[in-house]
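If you count the sequence shown from 1, position 136 lands on 136 in our numbering, and the numbers rise without skipping.
Keep in mind the hints are simulated off the structure, nothing from the lab.
Everything numeric in this text was worked out from a predicted model, so none of it was measured.
Ideal Cβ placement from N, Cα and C applies to all residues, glycine included.
No farther apart than 30 Å at their CA atoms in a straight line, the calculated lysine-lysine pairs in the DSS-like style are these: (1) K140 <-> K150; (2) K90 <-> K117; (3) K90 <-> K131; (4) K52 <-> K196; (5) K101 <-> K242; (6) K224 <-> K90; (7) K150 <-> K30; (8) K178 <-> K219; (9) K196 <-> K224; (10) K217 <-> K152; (11) K90 <-> K113; (12) K30 <-> K178; (13) K117 <-> K150; (14) K178 <-> K152; (15) K224 <-> K102; (16) K90 <-> K40.
Simulated restraints on C-beta separations: (17) P106 <-> K45: 26 to 32 Å; (18) K152 <-> K102: 39 to 45 Å; (19) G89 <-> E141: 30 to 36 Å; (20) P106 <-> Q26: 42 to 48 Å; (21) T221 <-> D25: 30 to 36 Å; (22) E187 <-> G145: 19 to 25 Å; (23) T146 <-> E109: 31 to 37 Å.
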Amino acid sequence: MLSKSLLSFVATLIIVLPASAQSVDQVLAKYYQARGGLEKIKSVKTLRFTAKISGGPMEIPVTMEQKRPNSMRMEFTFQGLTGIQAYDGKTGWMIMPFGGKKDPEPMGEDMLKELAKQADIDGPLVDYKEKGHQVELLGKESVEGTEAYKLKLTRRDGDVEYIYLDADSYVEIKSEGKRMIRGSEFEAETIYGDYKQVDGLMIAHSIESGPKGSSQKQKITIEKIEINPPIEDTRFAMPEVKKPDAKPEK
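Start from the sequences and build out the full structure, keeping to the hints where you can.
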């Protein structure tokens, strides 16, 4: 009887194992492949996005540039004035001329932290162990009717985000996490869609971001993506502030 029970258990195990839930590394392997493959992802040295941000009645043109390993620059134009936010891998700075300020100035701590995250050209899930992050697979969950794998990303600094991958296509469709704005913490979510292939890479061309559960979100519509355009390092470095000319002595 014992031998029959053991054989029955083994037979059941053989049937169940192939149908068991995937491991986090298996899911991530399919995520990398869905994006174009790790080799293709890592072949990207620079990126340039041309887009429009809409939120309410206004549309704001924006250009974002990224350069490996961790540099980024964003420019946006509003009422004829151009604002700049940039990060060179160590220092974050900005030019916000809308209040009459025309000189570059260091970025605040909260904004700097967010920009440093965005500067990761590969995204946090690529080489996550080497970056000091942890990723856990929490199972499946429905995202607006789409079945998705829910991943818990714990960054090296302790910040936690939840990333949802489409269970069929394995592309990222949603992310959630806490953000600090002017010293206040709130739950934010980002929705990704309209994926298109650009030079062998699958990239979302529609990104909506804002408070979790709120219909008030900013939408980024990407109009053009350039892969590996020439971008000088000086684009990300904070310019020197010009000192006013000394007044002649009387």
